[in-house]
Amino acid sequence: MSQNSVVLLTRLLSLKESSSFYLVLDSLAQSSYYLIQEIVHNSPNTNIIYLSYETINRPKYATEFLDCTETTPDNVAKFVQSNVSKTNKTLVIIDSLNYIPSEEITAFITKLANPLITLLGVFHTNCPIPQQNTSYPNTATLLTYIATTIFEIEPIVSVLTEEELYGKVSRLNIPVNLNSPQFKLVLTNRRKSGRSLIYTFIIDTATHAYEIFKQHEEEEPIEDERLLKDLTTFNLTTSNKQRLAREQVELPYMEAQESLGSAGGAIVYEFEKDDDYDEEDPYEDPF
Amino acid sequence: MSFRKRGEIIGGNPNRVPGATSNAIPGRTPVPVIPGRENPLMGRSAGITPTRSPITRASPATQDTTNLIMKNPGVRPSVITSQPTISTGTADLDKILLHQGLPIGHSLLVEESGTTDFASVLIRAFASQGIMHNRITNDVNCHVIVVGLSPQWSSDLPGLYKGSSREQKKARIKEQESKVSVTNLAQASSGPNVRAAAPDLKIAWRYGLNKKPEEESNGSDSTATYEHYNHQFDLTQKLTPGPNAQDISYIPIVNNYAQIVQQVSAIVKNQVKSNPGKILRVVIPGILNPSIYPPATASPTFIFPLVHALRGLLRQYSSNLSVIASLALDLYPRDSNVTGLFENVFDSVIHLQPFNQEMSQLIEKAYKNEPSKIQQGLVNIIKVPVLSEKGLMMIHDGEYAFKNGRKKFEIEEWGIPVEDDGKDEKDAQTTKNIDF
Amino acid sequence: MSSNQPQQDLIFFTDNSLIPSDVLSSQASYLSIITHVQGTSPTWLINSLIETALMGTASVVNSDLKRIPKRSNVLVASFSHPHEFYVRNCKKNGLDLSSNPQFEFVDCFSTLFTELVSKPSDAKRDVDALFDKIVKRVTNPNMAVFIEAPETLLYATNISSSDLLFNLTKINKNCRQLYVISSKDYPQYVDFDTTNPQDVSFKTTDFLVKLHHRSSLNITLEPLSTGRAKDITGSITISRGSIPYETVKVNEREYIYHVTKDSNVKLYFR
Numbered sequence: 001m002s003q004n005s006v007v008l009l010t011r012l013l014s015l016k017e018s019s020s021f022y023l024v025l026d027s028l029a030q031s032s033y034y035l036i037q038e039i040v041h042n043s044p045n046t047n048i049i050y051l052s053y054e055t056i057n058r059p060k061y062a063t064e065f066l067d068c069t070e071t072t073p074d075n076v077a078k079f080v081q082s083n084v085s086k087t088n089k090t091l092v093i094i095d096s097l098n099y100i101p102s103e104e105i106t107a108f109i110t111k112l113a114n115p116l117i118t119l120l121g122v123f124h125t126n127c128p129i130p131q132q133n134t135s136y137p138n139t140a141t142l143l144t145y146i147a148t149t150i151f152e153i154e155p156i157v158s159v160l161t162e163e164e165l166y167g168k169v170s171r172l173n174i175p176v177n178l179n180s181p182q183f184k185l186v187l188t189n190r191r192k193s194g195r196s197l198i199y200t201f202i203i204d205t206a207t208h209a210y211e212i213f214k215q216h217e218e219e220e221p222i223e224d225e226r227l228l229k230d231l232t233t234f235n236l237t238t239s240n241k242q243r244l245a246r247e248q249v250e251l252p253y254m255e256a257q258e259s260l261g262s263a264g265g266a267i268v269y270e271f272e273k274d275d276d277y278d279e280e281d282p283y284e285d286p287f
Numbered sequence: 001m002s003f004r005k006r007g008e009i010i011g012g013n014p015n016r017v018p019g020a021t022s023n024a025i026p027g028r029t030p031v032p033v034i035p036g037r038e039n040p041l042m043g044r045s046a047g048i049t050p051t052r053s054p055i056t057r058a059s060p061a062t063q064d065t066t067n068l069i070m071k072n073p074g075v076r077p078s079v080i081t082s083q084p085t086i087s088t089g090t091a092d093l094d095k096i097l098l099h100q101g102l103p104i105g106h107s108l109l110v111e112e113s114g115t116t117d118f119a120s121v122l123i124r125a126f127a128s129q130g131i132m133h134n135r136i137t138n139d140v141n142c143h144v145i146v147v148g149l150s151p152q153w154s155s156d157l158p159g160l161y162k163g164s165s166r167e168q169k170k171a172r173i174k175e176q177e178s179k180v181s182v183t184n185l186a187q188a189s190s191g192p193n194v195r196a197a198a199p200d201l202k203i204a205w206r207y208g209l210n211k212k213p214e215e216e217s218n219g220s221d222s223t224a225t226y227e228h229y230n231h232q233f234d235l236t237q238k239l240t241p242g243p244n245a246q247d248i249s250y251i252p253i254v255n256n257y258a259q260i261v262q263q264v265s266a267i268v269k270n271q272v273k274s275n276p277g278k279i280l281r282v283v284i285p286g287i288l289n290p291s292i293y294p295p296a297t298a299s300p301t302f303i304f305p306l307v308h309a310l311r312g313l314l315r316q317y318s319s320n321l322s323v324i325a326s327l328a329l330d331l332y333p334r335d336s337n338v339t340g341l342f343e344n345v346f347d348s349v350i351h352l353q354p355f356n357q358e359m360s361q362l363i364e365k366a367y368k369n370e371p372s373k374i375q376q377g378l379v380n381i382i383k384v385p386v387l388s389e390k391g392l393m394m395i396h397d398g399e400y401a402f403k404n405g406r407k408k409f410e411i412e413e414w415g416i417p418v419e420d421d422g423k424d425e426k427d428a429q430t431t432k433n434i435d436f
Numbered sequence: 001m002s003s004n005q006p007q008q009d010l011i012f013f014t015d016n017s018l019i020p021s022d023v024l025s026s027q028a029s030y031l032s033i034i035t036h037v038q039g040t041s042p043t044w045l046i047n048s049l050i051e052t053a054l055m056g057t058a059s060v061v062n063s064d065l066k067r068i069p070k071r072s073n074v075l076v077a078s079f080s081h082p083h084e085f086y087v088r089n090c091k092k093n094g095l096d097l098s099s100n101p102q103f104e105f106v107d108c109f110s111t112l113f114t115e116l117v118s119k120p121s122d123a124k125r126d127v128d129a130l131f132d133k134i135v136k137r138v139t140n141p142n143m144a145v146f147i148e149a150p151e152t153l154l155y156a157t158n159i160s161s162s163d164l165l166f167n168l169t170k171i172n173k174n175c176r177q178l179y180v181i182s183s184k185d186y187p188q189y190v191d192f193d194t195t196n197p198q199d200v201s202f203k204t205t206d207f208l209v210k211l212h213h214r215s216s217l218n219i220t221l222e223p224l225s226t227g228r229a230k231d232i233t234g235s236i237t238i239s240r241g242s243i244p245y246e247t248v249k250v251n252e253r254e255y256i257y258h259v260t261k262d263s264n265v266k267l268y269f270r
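Residue numbers (my numbering), protein chains in the order written: chain A, 1 to 287; chain B, 1 to 436; chain C, 1 to 270.
These aren't lab readings, by the way, just hints derived from the structure by calculation.
Here the structure is a predicted model, which means the values were calculated and not measured.
All C-beta atoms in this analysis are idealised placements derived from N, C-alpha and C, irrespective of residue type, glycine included.
Fair warning: there could be bad hints in the mix.
Facing chain A, a subset of chain C residues (Cβ under 10 Å, in silico) [claimed, not checked]: (1) S21; (2) S25; (3) Q27; (4) V37; (5) Q38; (6) Y186; (7) D191; (8) P197; (9) R214; (10) T220; (11) L224; (12) D231; (13) G241; (14) E252; (15) N264; (16) K266.
Could you put the whole structure together from the sequences, leaning on the hints where they help?
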């Protein structure tokens with residue numbers, strides 16, 4: 001089974017699988033640059049049309065390069081259609097779909113559609129999402145819906161937790177060891193049958209090696225148990241039944257903390273009927 | 001010699017232009033022009049900004065201009081950078097700005113939380129301070145420009161603190177006694193530079209006027225050398241005589257920011273032209289206050305270009321111009337775009353944060369026997385002129401507190417007072433301040 | 001904390017430089033971003049980069065870099081400071097910018113909203129024209145160009161983040177190394193959760209995220225998360241951008257640094 005997934009990935013990366021719209025979702029933590037290089041590496045003899053909204057340097061592999069910042073989406077589509085190769089496969093790369101308004105995105109993609117083309121569009125997921133006035137879906141939703149293959153790129157995080165990482169990136173404090181040639185890839189491939197296949201890989205674009213990503217399950221609690229077992233003659237471990245019961249115990253002050261303690265541990269005095277408050281005493285405790 | 005009402009000081013003589021006259025306006029030293037190259041000193045191509053004549057051209061301040069400005073009695077060198085600095089009118093505020101004042105060519109924003117308006121105390125003192133500098137001699141050393149308010153604001157300006165009631169009585173007696181010779185009076189109230197020949201020796205000896213002010217020659221002692229640098233203002237006293245048209249101008253808010261900037265710029269240009277050693281103090285009390293500023297002014301395309309253009313003016317007239325403004329954080333909190341940009345564009349920012357009820361009660365209780373120690377709130381320093389721009393981290397949160405007394409606005413180090421048991425009134429002395 | 005550690009030289013690349021000569025003479029164009037927040041102004045860093053671009057050394061932050069006479073031309077376009085500011089502060093770096101023929105300054109600050117962009121509510125044409133003028137001043141492709149505080153335009157005018165980004169592209173195409181210096185205070189300039197496209201922080205967030213996607217080198221300055229310290233100003237993090245360099249490698253690193261009022265800078269590894 002795992003072999004099939006790597007085969008599928010390889011076929012997709014070499015444009016051998018019939019899939020017309022590749023959507024690449026990247027972030028500031030891991031750029032799509034290396035994945036695109038990998039696809040280009042796997043697809044020699046391909047006519048590559050590069051549509052640039054943000055790339056300054058024309059890539060060496062690009063057969064055609066268009067600066068889309070100075071023209072309209074319509075003209076871009078025309079340019080593509082007029083440059084489709086009749087002999088080789090054509091790969092159209094759009095370096096960022098974030099510049100096209102959500103109302104125009106589907107029309108734009110449709111205009112670029114062509115049986116001879118594999119369209120690869122990159123979408124940056126960290127850009128702020130405008131709230132729509134209507135219930136029309138936003139660009140990310142639309143793109144993930146119409147894409148036939150989705151490459152979700154993530155960094156291989158080791159030192160920071162995902163939360164910590166996002167916290168830093170969202171303050172534009174990009175930590176070290178990101179944007180690496182090695183990264184995690186969540187691949188979603190929509191088959192013609194309607195089925196969706198989802199696999200996670202670790203990609204190394206330096207060695208062109210692809211591995212299935214194995215999720216490390218929560219092993220720690222079990223390890224602790226094993227340690228405790230042989231420590232003394234007492235039974236220090238907890239059986240599953242005991243563990244379940246323990247989790248269900250209601251901690252006595254949790255509720256109290258929720259209502260009264262929301263002032264952060266402040267002591268809240270509640271004046272009751274029998275309390276005797278002497279207004280004249282200047283040393284009476286304040287409430 | 002002229003007779004005038006006792007206690008009134010002569011205002012500036014409009015016909016006198018002190019110091020440099022028009023033919024001595026410092027010019028720029030000629031720059032060698034490399035043939036074939038645009039003059040590198042210009043730093044801008046003709047297409048982007050129009051070239052200006054040297055007189056109205058932007059700074060850099062040449063040595064001549066700096067020397068001229070330093071002669072202004074309201075100016076002293078900064079204690080950290082030596083650049084020309086003016087007093088904000090509140091001595092403790094001068095201190096926490098680190099330069100012993102606000103360096104000329106820079107701006108100060110006073111933010112305030114809550115419904116109080118302590119900021120207006122500081123702003124009014126800033127204006128009064130400038131006007132006081134016109135009361136020293138016949139020279140008009142300063143001009144105040146008020147943006148947004150009506151001219152009635154002039155009657156709200158604080159006058160000099162005349163001392164405690166005992167000191168005031170002493171002063172009155174002194175005045176009565178020296179009333180004998182008006183010449184004496186005239187000389188006593190004039191600045192240190194104006195020493196007429198031989199005052200009545202008998203009276204002079206009696207009042208120690210003959211004593212050579214030796215303290216002045218010791219450059220390091222700030223207050224002695226810069227005698228007229230700052231004054232203490234009393235909220236309950238009205239500034240008398242009130243400011244006249246030479247002292248102060250008013251610019252109304254209009255819907256076109258460029259017009260406001262143009263008006264400020266025109267006044268500054270004219271004032272500096274006639275007296276290159278003059279200090280211009282622009283005050284903008286309650287910026288974006290809805291009772292003064294119509295809703296359209298809160299639009300980013302109005303307010304941001306306005307403050308940005310003022311910053312441009314400050315750098316252009318970096319030897320003469322200074323700006324102070326106050327902002328209500330309840331209207332525009334610190335995390336709002338408006339305040340964020342203001343804090344970026346203003347050279348220095350402080351935040352007055354009055355205590356909440358809990359803390360106020362705690363303080364009042366702790367100092368119930370020493371009401372003069374009661375503080376009203378915190379002063380948070382967000383940005384300090386020149387140093388913050390250089391890259392130093394100058395944010396001081398919760399380190400200072402302010403006391404708005406009748407005598408003066410005080411800022412001191414802050415520590416939460418420890419409540420004593422309070423049983424004994426005599427034990428008040430044991431109340432300690434713990435520095436946090 | 002810092003007194004026990006040895007002082008460090010600031011380097012950005014594995015060849016121990018701040019700007020590799022390969023980059024200045026390359027065929028490709030690169031973008032580097034310097035971001036900062038309130039309390040950590042990057043003046044000292046920008047001036048050191050100007051120094052190293054002009055003459056190879058970076059005396060304030062790196063004692064090891066050798067002098068390379070007439071190394072490269074530098075153009076600075078600032079939306080927040082006048083020419084005088086750079087002349088005055090670069091004296092510390094041993095530079096006399098007022099008479100250095102390799103240094104050019106475009107003043108986008110002094111008369112920005114009084115002359116250059118006189119109608120902020122309809123500013124696209126003026127802004128495009130302003131950037132065209134800056135592009136004309138990029139006379140030599142091997143120049144290092146610094147654009148300081150362009151996000152001011154997003155705040156004060158009606159232009160969109162794309163308008164600003166495309167204008168920066170025009171400049172970057174013509175020079176090998178473009179530095180964009182921007183504020184990134186949260187939430188006024190950066191707020192990933194903002195949703196109203198009319199809000200200025202939406203525009204600046206969109207601008208900054210997209211700008212980072214084109215960057216090869218990210219340098220960011222922040223105060224210490226633990227609050228104010230007497231002998232530490234803040235931290236500086238150097239990390240790879242989304243686009244790798246062709247021939248050189250970024251030396252990713254976090255330093256803590258201290259700036260004194262005389263503009264002396266000390267750096268330590270974090």
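Checked hints:
Violation of the interface hint for S21/C is found here, the shortest Cβ-Cβ separation to chain A being roughly 19 Å, above the 10 Å cut-off. Hint status for S25/C: violated, given a least beta-carbon distance of 15 Å to chain A, over 10 Å. Proximity of Q27/C to chain A holds as hinted, the smallest CB-CB distance being about 8 Å (cut-off 10 Å). Below 10 Å, beta-carbon pairs count as interface contacts, and V37/C has one with chain A at about 9 Å; its hint therefore holds.
Nearest Cβ of chain A to the Cβ of Q38/C: about 13 Å, over the 10 Å cut. The hint is violated. For Y186/C, the shortest C-beta to C-beta distance to chain A is roughly 6 Å, which falls under 10 Å, so the interface hint holds. Checking D191/C against chain A by beta carbon gives a least distance of about 7 Å; that is within 10 Å, so the hint holds. The criterion of a C-beta within 10 Å of any C-beta in chain A is met by P197/C, whose closest approach is roughly 4 Å, and the hint holds.
The beta carbon of R214/C comes within 5 Å of a beta carbon in chain A, closer than 10 Å, and the hint placing it at the interface holds. Hint status for T220/C: holds, given a least beta-carbon distance of 5 Å to chain A, under 10 Å. With 10 Å as the threshold, the beta carbon of L224/C stays out of range of chain A, its nearest partner Cβ sitting at about 13 Å, so the hint is violated. Annotation: interface hint on D231/C violated; nearest CB of chain A at approximately 22 Å, more than 10 Å.
The closest approach between the C-beta of G241/C and any C-beta of chain A is roughly 7 Å, which is under the 10 Å cut-off, so the hint is satisfied. Against a cut-off of 10 Å between C-beta atoms, the interface hint on E252/C holds, since the closest Cβ of chain A lies about 4 Å away. Violation of the interface hint for N264/C is found here, the shortest Cβ-Cβ separation to chain A being roughly 25 Å, above the 10 Å cut-off. Checking K266/C against chain A by beta carbon gives a least distance of about 21 Å; that is not within 10 Å, so the hint is violated.
Hint check: violations occur at hints 1, 2, 5, 11, 12, 15 and 16; the rest are consistent with the structure.
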